[in-house]
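Chemist: Full structure from sequences and hints, please.
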Amino acid sequence: MNDESKNKKVLVIEEIEDDASLRKVIHDKLALEGFSVLEANDGESGLVIALREHPDLILLDIIMPKMDGLTMMKKLRETNEWGKNVPIILLTNLSADNDKIMKAITDNEPAYYLVKSNWTINDLVTRIRERLSRV
Amino acid sequence: MKPRRTEFFFMSTHKTNQQNTNQNRTTSKKVLSFLHLGPDNPVHLFIFVSLAIFFVEMAIMLSFQYLFIFSHLFETFIDSFILILIMYPVLLYFVFKPLTRQNLELATSKFLIEREKIKKEAILTSVGDGFVVVDNEGKIIEMSNAAGELLGVFPPECKGKPYNKIWLMRDKEGNNVPEKDRPIQIVLRTGKKIISDISTDFYYVRKDGVAFPVEITVSPVILEEKIIGVVDVFRDITKDKEIDKAKTEFVSLVSHQLRTPLTAINWYAEMILNGDAGEVLSKQKEYLQEIYTGNQRMIKLVNTLLDVSRLELGTFVIQPEPVQFKDVAESVFTELTPQITSRKLTINKQYEPSLPIISADPQQTRMIFQNLLGNAVKYVEDGGEIRLSIFAKGRDILIEVWNSGGGIPFSAQPKIFTKLFRDELAKQKNSEGNGLGLYIVKSVVEKSGGKIWFKSGKKEGTTFYVSFPLVSKN
Numbered sequence: 001m002n003d004e005s006k007n008k009k010v011l012v013i014e015e016i017e018d019d020a021s022l023r024k025v026i027h028d029k030l031a032l033e034g035f036s037v038l039e040a041n042d043g044e045s046g047l048v049i050a051l052r053e054h055p056d057l058i059l060l061d062i063i064m065p066k067m068d069g070l071t072m073m074k075k076l077r078e079t080n081e082w083g084k085n086v087p088i089i090l091l092t093n094l095s096a097d098n099d100k101i102m103k104a105i106t107d108n109e110p111a112y113y114l115v116k117s118n119w120t121i122n123d124l125v126t127r128i129r130e131r132l133s134r135v
Numbered sequence: 001m002k003p004r005r006t007e008f009f010f011m012s013t014h015k016t017n018q019q020n021t022n023q024n025r026t027t028s029k030k031v032l033s034f035l036h037l038g039p040d041n042p043v044h045l046f047i048f049v050s051l052a053i054f055f056v057e058m059a060i061m062l063s064f065q066y067l068f069i070f071s072h073l074f075e076t077f078i079d080s081f082i083l084i085l086i087m088y089p090v091l092l093y094f095v096f097k098p099l100t101r102q103n104l105e106l107a108t109s110k111f112l113i114e115r116e117k118i119k120k121e122a123i124l125t126s127v128g129d130g131f132v133v134v135d136n137e138g139k140i141i142e143m144s145n146a147a148g149e150l151l152g153v154f155p156p157e158c159k160g161k162p163y164n165k166i167w168l169m170r171d172k173e174g175n176n177v178p179e180k181d182r183p184i185q186i187v188l189r190t191g192k193k194i195i196s197d198i199s200t201d202f203y204y205v206r207k208d209g210v211a212f213p214v215e216i217t218v219s220p221v222i223l224e225e226k227i228i229g230v231v232d233v234f235r236d237i238t239k240d241k242e243i244d245k246a247k248t249e250f251v252s253l254v255s256h257q258l259r260t261p262l263t264a265i266n267w268y269a270e271m272i273l274n275g276d277a278g279e280v281l282s283k284q285k286e287y288l289q290e291i292y293t294g295n296q297r298m299i300k301l302v303n304t305l306l307d308v309s310r311l312e313l314g315t316f317v318i319q320p321e322p323v324q325f326k327d328v329a330e331s332v333f334t335e336l337t338p339q340i341t342s343r344k345l346t347i348n349k350q351y352e353p354s355l356p357i358i359s360a361d362p363q364q365t366r367m368i369f370q371n372l373l374g375n376a377v378k379y380v381e382d383g384g385e386i387r388l389s390i391f392a393k394g395r396d397i398l399i400e401v402w403n404s405g406g407g408i409p410f411s412a413q414p415k416i417f418t419k420l421f422r423d424e425l426a427k428q429k430n431s432e433g434n435g436l437g438l439y440i441v442k443s444v445v446e447k448s449g450g451k452i453w454f455k456s457g458k459k460e461g462t463t464f465y466v467s468f469p470l471v472s473k474n
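So the protein lines, in turn, are chains A and B. The first sequence begins at 1 in our numbering and counts up by one. The second sequence begins at 1 in our numbering and counts up by one.
Hints listed in this document are in silico derivations from the structure and should not be mistaken for laboratory results. Computed from a predicted model, the values in this text were never measured in an experiment.
Using 16 Å as the maximum straight-line C-alpha spacing, the simulated EDC-like pairs for lysine to aspartate or glutamate come out as follows:
#	chain 1	residue 1	chain 2	residue 2
1	B	K245	B	D197
2	B	K326	B	D361
3	A	K24	B	E270
4	B	K451	B	D396
5	A	K29	B	D276
6	B	K192	B	E225
7	B	K239	B	D197
8	B	K139	B	E157
9	A	K24	A	E39
10	B	K172	B	D201
11	A	K29	B	E270
12	A	K24	B	D276
Facing chain A, from chain B, some residues (calculated, C-beta under 7 Å):
#	residue
13	H256
14	R259
15	L262
16	T263
17	A264
18	W267
19	Y268
20	E270
21	D276
22	I299
23	L306
24	R310
Computed far set for chain B versus chain A, every beta-carbon distance over 12 Å:
#	residue
25	L62
26	Y203
27	L398
Every residue, glycine too, gets a C-beta built ideally from N, C-alpha and C.
Modeler: Encoded structure:
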């Protein structure tokens with residue numbers, strides 16, 4: 001438990017199905033690392049929870065039901081000052097090779113774009129800490 | 001004899017079915033025929049000669065002052081008749097027969113040729129693919145109905161016209177291909193066949209301006225060592241391209257979806273190995289490590305599959321940044337250090353001192369070095385040598401990777417850059433590897449405007465060459 005991570009809330013937004021499995025392991029890891037974790041199954045409820053709870057960092061999947069991650073990110077950025085600045089890490093299966101994704105990244109400035117299968121969970125934690133320490 | 005005679009006279013008049021001989025005809029018919037027949041016709045000739053003999057006979061008699069000629073008309077007739085009867089076989093044998101035989105042969109040949117021509121036309125116009133034949137000036141000689149349909153033109157109207165006026169060609173960016181670069185023109189110039197396939201992106205443009213992708217085979221027509229024309233056979237491959245695209249998109253979709261369970265295995269295995277799920281016995285750790293390693297290989301394969309499908313779908317993006325090739329190479333060597341030391345390999349590096357910084361995609365550059373150097377390390381013999389040279393040559397930067405060893409077998413060399421190709425020997429030496437590496441490297445290099453090639457032999461080992469333009473294409 002670090003001092004940094006005390007009282008920091010991390011929102012985890014993941015897709016419903018298989019990603020229940022990933023959602024669980026991320027939750028367990030972050031909890032072990034001393035973070036407080038919020039969860040959502042889709043972009044819509046994720047947006048609501050984010051605006052209500054004001055987490056310190058958001059982990060955002062792209063492919064989700066009801067509202068996908070890129071749309072959610074755009075809406076969040078447009079809502080208010082807090083939404084404009086909250087750090088977002090995009091966690092996804094998609095390679096960043098289409099115009100839509102790249103435009104979203106340029107417009108909305110997430111902190112990182114990580115392809116899940118290419119990073120260890122420790123790497124993920126390192127990135128999270130890195131971003132949080134920059135604030 | 002009689003039927004033959006009939007044939008003589010009537011074949012040569014282009015009438016094939018008449019049964020009358022000249023002798024069976026009435027006078028009126030004779031006169032009629034005479035009027036219809038041409039001057040080089042044996043029947044005409046015969047009649048003419050007969051009449052001539054008669055009138056000459058008359059003239060001779062008159063000149064000898066045969067006062068009773070008119071009362072002796074009958075005798076004159078008999079006279080001429082006997083003369084003709086005698087002359088006829090002589091004339092027949094020495095004049096008519098060869099003449100008519102000649103005419104008959106000519107007519108028969110003409111007839112047969114005409115028939116063959118019609119048959120051939122029928123065959124050509126009914127060829128199911130687009131089929132166009134041009135002469136050595138590029139004017140259309142033949143066009144199949146299918147070609148007409150595909151190009152939106154009427155084949156009979158196109159004959160004799162220059163092909164470039166009948167239909168245009170476009171490249172995949174939608175620009176018109178100038179005539180001198182069109183395959184038909186190139187084949188007319190060089191006499192070398194051009195074949196395209198689903199990956200070469202040729203488009204033909206219909207009369208209404210709509211372009212469609214084609215697969216073409218353009219071959220020269222050579223007669224006595226001269227190029228007298230060109231044949232272009234082409235097919236509309238819109239459907240084929242759609243199927244290919246669907247396949248690639250499928251691979252892409254599935255590969256993306258595979259990442260989720262692969263990530264799950266990754267992270268859970270990692271958590272256990274870290275001790276985050278309680279204490280792990282050493283045997284458990286060992287087995288878990290195997291699971292983790294196997295999973296890593298699957299992830300790599302999925303990434304490779306995605307690279308391939310992105311290349312084929314055209315969504316592979318090159319994002320140039322200033323890159324120092326030497327640094328990338330050094331970092332890749334560092335990655336390979338464990339294998340280099342364990343197999344006692346000698347590494348020889350030759351970097352040109354003032355190597356310029358290149359505008360290239362850093363990830364792709366890294367991948368190229370990883371592939372080339374990784375392959376060299378994989379396939380060199382234990383204790384062997386690897387040499388890397390990077391230097392500028394003209395307007396390009398040249399990378400050479402040489403490894404000692406038995407080289408690539410001759411039979412495998414043509415297939416080296418194809419998808420999923422792994423030589424038998426390579427498979428023996430290294431069961432990992434998926435045969436996609438060089439395919440991807442080649443695609444990326446060529447997309448960046450560069451070239452890749454290799455030389456390999458039993459004694460000389462293998463050298464791979466990559467050239468990159470110093471000024472980026474974009």
